[in-house]
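Q: Residue-level listing of the chains:
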Amino acid sequence: METLVMPAINFAAIMPETILSIVAMVLLLLNVFVPGEQKAYLAYLSLIGIVVAFFSVVSGWNAPLPMQEGFNGSVLQDNFSLFFKAIFLISAGLAVLISDHYMVKEECNYGELYPLILFATAGMMLMASGTDLMTIFLGLEVLSVSLYVLAGYNRSNIKSNEAGLKYFLLGAFSTGFLLYGMALTYGATGTTKIAKIASAAALDATLSSNPMFVVGMLLMAVGFSFKIAAAPFHMWTPDVYEGAPTPMTAFMSAGPKAAGFAAFIRVLMVAMPTLKADWSDLLWILAVLTMTVGNIIALSQNNIKRMLAYSSIAHAGYALVGFTAGNGEGTAGILFYMLSYAFMNIGAFAIIILVGKKGEPNNNVEDYAGFGVKHPVLAMIMALFLFSLAGMPPTAGFVGKFYLFSAALKSGYVWLVVIGVLNSAASCYYYLRVMVYMYMKDPVEEFDWMKLSPAIWASIAISAVGVIVPGIVPSIILQLAQKAILL
Amino acid sequence: MFDNVWLIPLFPLIGFLINGLFGKAIKEEKVIGGIGALAVLCSFAVACMTLFNIISLPVHERVHNVPVFTWIKSGTFQADVAFLIDPLSCVMLMVVTGVGFLIHVYSIGYMHGEEGFYRFFAYLNLFTFSMLLLVMGNNLLLMFVGWEGVGLCSYLLIGYYFHKKSAGDAGKKAFVMNRVGDFGFLLGVFTLYWWLGQNHGIWTIQFTELAKHAELFQGCTLLTVITLVFFVGATGKSAQIPLYTWLPDAMEGPTPVSALIHAATMVTAGVYMIGRMNFLYIQAPTTMMVVALIGGATALFAATIGTAQNDIKRVLAYSTVSQLGYMFLAMGVGAFAAGIFHLMTHAFFKACLFLGSGAVIHSMHHALHHCHSHDDAQDMRNMGGLKSKMPLTYGTFLIATIAIAGIPGFAGFFSKDEILWQAFANPHHGSLNILLWAFGACAALLTAFYMFRLVFMTFHGECRITPKAKDHLHESPMVIVFPLIVLAFLSVVGGYIGMPKILGELLGGIPNYFEHFLAPVFEFSEEFTKAHAHVAGHHSVALEWGLMGLSVLIAFVGIGIAFVLYVKDTTIPAKFTSAFPALHRAVYNKWYIDELYDFLFVNPCKALGNFLWKGFDVVVVDGIVNGVGSIVMGFSGILRYIQSGYVFNYAFSMTLGAVVIVAFYIFR
Chain A
1 METLVMPAIN FAAIMPETIL SIVAMVLLLL NVFVPGEQKA YLAYLSLIGI VVAFFSVVSG
61 WNAPLPMQEG FNGSVLQDNF SLFFKAIFLI SAGLAVLISD HYMVKEECNY GELYPLILFA
121 TAGMMLMASG TDLMTIFLGL EVLSVSLYVL AGYNRSNIKS NEAGLKYFLL GAFSTGFLLY
181 GMALTYGATG TTKIAKIASA AALDATLSSN PMFVVGMLLM AVGFSFKIAA APFHMWTPDV
241 YEGAPTPMTA FMSAGPKAAG FAAFIRVLMV AMPTLKADWS DLLWILAVLT MTVGNIIALS
301 QNNIKRMLAY SSIAHAGYAL VGFTAGNGEG TAGILFYMLS YAFMNIGAFA IIILVGKKGE
361 PNNNVEDYAG FGVKHPVLAM IMALFLFSLA GMPPTAGFVG KFYLFSAALK SGYVWLVVIG
421 VLNSAASCYY YLRVMVYMYM KDPVEEFDWM KLSPAIWASI AISAVGVIVP GIVPSIILQL
481 AQKAILL
Chain B
1 MFDNVWLIPL FPLIGFLING LFGKAIKEEK VIGGIGALAV LCSFAVACMT LFNIISLPVH
61 ERVHNVPVFT WIKSGTFQAD VAFLIDPLSC VMLMVVTGVG FLIHVYSIGY MHGEEGFYRF
121 FAYLNLFTFS MLLLVMGNNL LLMFVGWEGV GLCSYLLIGY YFHKKSAGDA GKKAFVMNRV
181 GDFGFLLGVF TLYWWLGQNH GIWTIQFTEL AKHAELFQGC TLLTVITLVF FVGATGKSAQ
241 IPLYTWLPDA MEGPTPVSAL IHAATMVTAG VYMIGRMNFL YIQAPTTMMV VALIGGATAL
301 FAATIGTAQN DIKRVLAYST VSQLGYMFLA MGVGAFAAGI FHLMTHAFFK ACLFLGSGAV
361 IHSMHHALHH CHSHDDAQDM RNMGGLKSKM PLTYGTFLIA TIAIAGIPGF AGFFSKDEIL
421 WQAFANPHHG SLNILLWAFG ACAALLTAFY MFRLVFMTFH GECRITPKAK DHLHESPMVI
481 VFPLIVLAFL SVVGGYIGMP KILGELLGGI PNYFEHFLAP VFEFSEEFTK AHAHVAGHHS
541 VALEWGLMGL SVLIAFVGIG IAFVLYVKDT TIPAKFTSAF PALHRAVYNK WYIDELYDFL
601 FVNPCKALGN FLWKGFDVVV VDGIVNGVGS IVMGFSGILR YIQSGYVFNY AFSMTLGAVV
661 IVAFYIFR
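Quick mapping for you: the protein sequence lines, in order, are chains A and B.
At position 238 of the first sequence the residue is numbered 238 (my numbering), and the sequence of numbers has no breaks.
At position 26 of the second sequence the residue is numbered 26 (my numbering), and the sequence of numbers has no breaks.
Treat the hints with care, since some could be wrong.
What the hints assert, rightly or not - Sample of chain A residues facing chain B (criterion: CB under 7 Å; computed from the structure):
{"id": "1", "residue": "LEU169"}
{"id": "2", "residue": "VAL222"}
{"id": "3", "residue": "TRP236"}
{"id": "4", "residue": "SER475"}
Derived from the structure by calculation, the hints contain no laboratory data.
Beta carbons are placed, not taken as given, at the ideal position from N, Cα and C, and that holds for glycine.
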């Protein structure tokens with residue numbers, strides 16, 4: 001009789017995911033007993049979970065290979081995934097910090113929010129460390145299902161409902177592409193393990209011209225493009241970002257986007273280096289389309305959440321520029337950029353939350369008139385985030401863009417960089433427009449908001465530090481990012 | 001050993017952040033001022049430790065690069081945030097933090113009750129931070145960051161009373177003039193970096209690296225250009241001809257600012273920069289001559305203007321320009337150590353003078369305010385006889401005045417005499433030396449005259465304000481007087497560490513500690529001068545004694561004239577002005593240089609600006625920009641319609657995208 005061989009389980013490789021899931025389940029149970037006005041305790045508990053998970057991420061840094069691998073090679077917690085996990089945890093932590101304030105204001109303070117954020121984060125982590133197409137898919141689904149709920153979380157608000165439903169329908173649709181792509185890849189290579197796909201393609205030269213393999217790659221690219229909101233698969237983004245509760249918009253624009261990139265990069269660069277000529281062409285087109293569409297439509301947006309949604313599309317385009325480069329610098333640039341973007345975007349959204357009234361009737365750019373006079377400190381910090389988004393020194397946004405573009409230049413994509421820089425210049429228009437309203441127009445109506453909670457202050461302060469410090473001392477983050485590349 | 005030097009700039013930065021961000025909320029003046037002063041005191045403490053550490057090392061191990069982090073790295077270009085600790089930067093550190101601390105303390109009393117008290121201290125701390133970056137930076141780029149930072153703070157502080165138009169204008173003037181200079185500095189950095197990299201493959205902007213390769217610049221034809229454009233930067237920052245006119249106007253700022261920024265520290269940045277790059281300057285004889293001539297001419301020219309000003313701070317401002325001229329004269333004749341020495345002693349006595357004048361103005365203002373008089377509290381014609389009312393201020397002011405006049409035994413004498421001697425005896429400029437010396441000597445005469453004129457007009461004779469107001473004149477509080485006493489003390493003893501050789505020998509072999517201390521920094525220049533001197537620079541000791549006697553005599557003559565004119569027979573000045581009305585008017589109006597600049601530069605620039613604005617900008621540029629803008633916006637509007645909001649449209653777009661992509665790859 002054959003002995004049953006147990007798969008090589010290594011819980012160290014999924015430690016952060018495990019911690020988050022356990023905390024999330026505990027929270028779900030506790031939620032039943034915590035009365036409505038004390039839901040903030042759940043936020044504190046989830047923060048503790050996030051911090052503990054963060055420590056486990058830090059302790060895993062530079063671990064020896066046997067410690068990284070787990071579940072028979074389905075997950076690999078290498079530096080690459082650890083860097084991304086840190087980004088996810090930071091986004092999740094900041095999102096939790098800005099949530100309580102908002103949810104109380106909008107009167108939708110149901111406790112399920114925090115477990116859902118944690119589950120989504122665990123899903124993202126699996127996407128980043130998955131080395132099997134199935135693991136990646138599993139992570140993606142855990143993430144997506146949580147996000148559908150989070151987008152429609154404010155169930156008394158019709159826009160939020162619309163956002164949740166649209167995201168669900170289109171997300172399911174895009175999953176079809178992804179899954180089909182995975183199936184074709186499996187059909188062509190006979191495996192779903194990323195390393196084995198690579199070795200199969202390396203052994204069999206004909207595979208690179210096998211339509212099944214190529215189309216598999218393309219369809220997976222379509223699926224991931226949906227996740228990172230690359231044009232022309234971006235159209236869900238503005239509607240969902242506008243309708244979703246603002247803290248969740250902030251979260252979605254930072255964490256899940258980074259998760260999409262993590263899986264996308266691993267699949268293309270590790271599993272399909274033989275198709276590099278094909279996918280770098282595709283990425284080139286996607287990058288140009290994404291940057292241009294995002295920026296141009298953002299120009300004529302009046303709703304600030306919608307404007308930041310298009311801006312987030314454009315930022316995915318910049319990151320795609322670094323991806324197109326296909327070299328280590330590009331990957332390090334994406335890592336750096338995703339981290340900076342998490343800080344600057346969530347920071348900006350935190351201030352939008354502060355300004356917004358119940359039901360968000362005043363999220364238009366005009367509503368920021370005179371903000372600089374009424375609240376000079378907050379306006380200054382908002383200006384900082386906007387400058388960073390526009391890519392001006394000495395902020396992290398500038399340094400990140402600089403690394404992305406210089407990586408592309410190194411690989412010889414001069415025109416791509418030219419288009420990127422032009423786009424970046426155009427984007428200044430809509431970021432600076434907010435500043436014009438903040439500083440150069442007289443206030444129309446009073447800014448009345450709830451008392452600033454320490455949590456939201458903390459999130460704004462952390463974000464500001466996260467934008468300024470890497471802008472002035474980029475080397476500390478960049479050196480970590482360089483240790484986290486895949487090649 | 002020097003691992004903690006990064007703390008030195010950090011403390012003022014923290015002070016700036018605390019006062020800048022929370023100062024308005026703190027409100028309590030004592031806390032704000034305390035934080036500001038404490039930050040600088042902490043820096044001073046670390047700076048002292050650094051100095052002791054340096055002294056404890058053998059002479060040839062006194063140059064240290066202390067890296068903090070890599071700031072920019074791109075290709076061959078690398079700029080670190082790293083600090084250079086050597087004798088020169090130690091001297092500057094002591095001056096900036098030591099004098100800076102005293103002025104911070106003084107400001108607590110002086111700025112009492114001013115609107116925006118916290119703003120003042122935040123700027124002052126930011127200034128200290130920038131100045132420390134400037135003197136500690138181990139590469140040109142970091143130095144430039146500090147260089148720009150101090151310029152910004154200077155602008156902010158000159159315009160501190162921004163509701164006054166004259167203050168705003170003065171700030172702008174200072175900023176624009178500094179920008180002209182900064183442009184020169186930048187050109188210097190670019191050219192230097194490019195030349196060394198292009199011709200020798202050494203891509204560096206780090207001072208110690210540049211110094212290591214100093215020989216490579218021999219025969220570099222561009223070196224004269226490089227050093228000259230750097231010098232343009234120095235003339236802007238250090239108020240030398242032709243970019244000096246902003247400094248007198250900068251007196252619009254509060255008096256502690258004038259003392260700290262526009263006398264003791266920032267304006268000496270140009271001198272420091274030349275000292276830092278002495279190994280380049282010494283190899284560019286033409287530049288050395290230009291520096292010496294500009295320095296000498298500025299010393300004399302500014303001194304002439306100083307003789308006819310009635311505003312107490314303006315006299316001191318022109319005096320500062322003139323003294324800076326001395327420092328550049330020293331640099332231009334290769335007497336780098338003497339120049340830095342004068343920088344230090346000047347910081348002591350000029351800070352003391354400015355702070356003393358501040359105390360006077362403060363008291364005058366208070367008195368005039370009490371009896372609702374609108375007389376100018378800064379006009380010396382309204383003062384007189386303050387000696388008995390403000391004895392401590394008078395005493396310290398007099399000591400500092402004696403020091404600047406160059407009376408033996410006080411700090412100014414040692415440093416100024418060294419410069420004059422070097423101007424006469426240096427081996428670089430041949431027969432030009434006599435002229436340089438004459439510039440310096442004449443300026444010394446005028447300095448003694450106008451400084452004692454100031455003392456006599458302010459403190460001696462009859463009090464010229466109303467008796468009622470006079471009763472309200474009083475000595476300043478301790479927080480203001482204490483820094484004066486310390487600075488006066490330093491104005492006396494500060495000179496003894498840099499005793500001229502012949503004096504030291506006479507007094508039993510006291511060496512010139514200061515020069516020996518700085519020797520490692522200027523080693524290359526010394527060697528170079530020895531190897532390339534035109535004349536064997538041997539002058540007799542008798543000559544040196546003679547010149548020293550002469551300069552002392554000159555000082556006494558200047559004081560004597562001032563005594564006769566402003567104490568003995570006070571009608572003479574009026575007679576003099578009526579005898580030579582044109583001359584007096586010209587001097588009084590600062591030789592009409594401001595008007596000349598207005599005519600030559602400002603008005604043409606304004607006209608050009610107006611033309612470019614209305615003719616070119618509005619029509620051409622705005623036309624193109626708005627045109628492109630509307631096209632893009634139109635496009636944006638169209639694209640917006642595609643975003644219909646219907647899920648099936650979105651799904652269709654995705655499908656279409658996927659189909660196009662797949663089709664493209666299959667059928668290509």
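Q: Hint validation: TRP236/A versus chain B, beta carbon distance must be below 7 Å. Holds or violated?
A: Status holds, d = 6 Å.
Q: Identify whether the interface hint at VAL222/A stands, where standing means a beta carbon of chain B within less than 7 Å of its own.
A: Result: holds, 5 Å to nearest chain B Cβ.
Q: Would the hint on LEU169/A be counted as holding, given a Cβ-Cβ threshold of 7 Å to chain B?
A: holds (5 Å)
Q: Does the closest beta carbon of chain B sit nearer than 7 Å to the beta carbon of SER475/A?
A: holds (5 Å)
The structure shown violates none of the earlier numbered hints.
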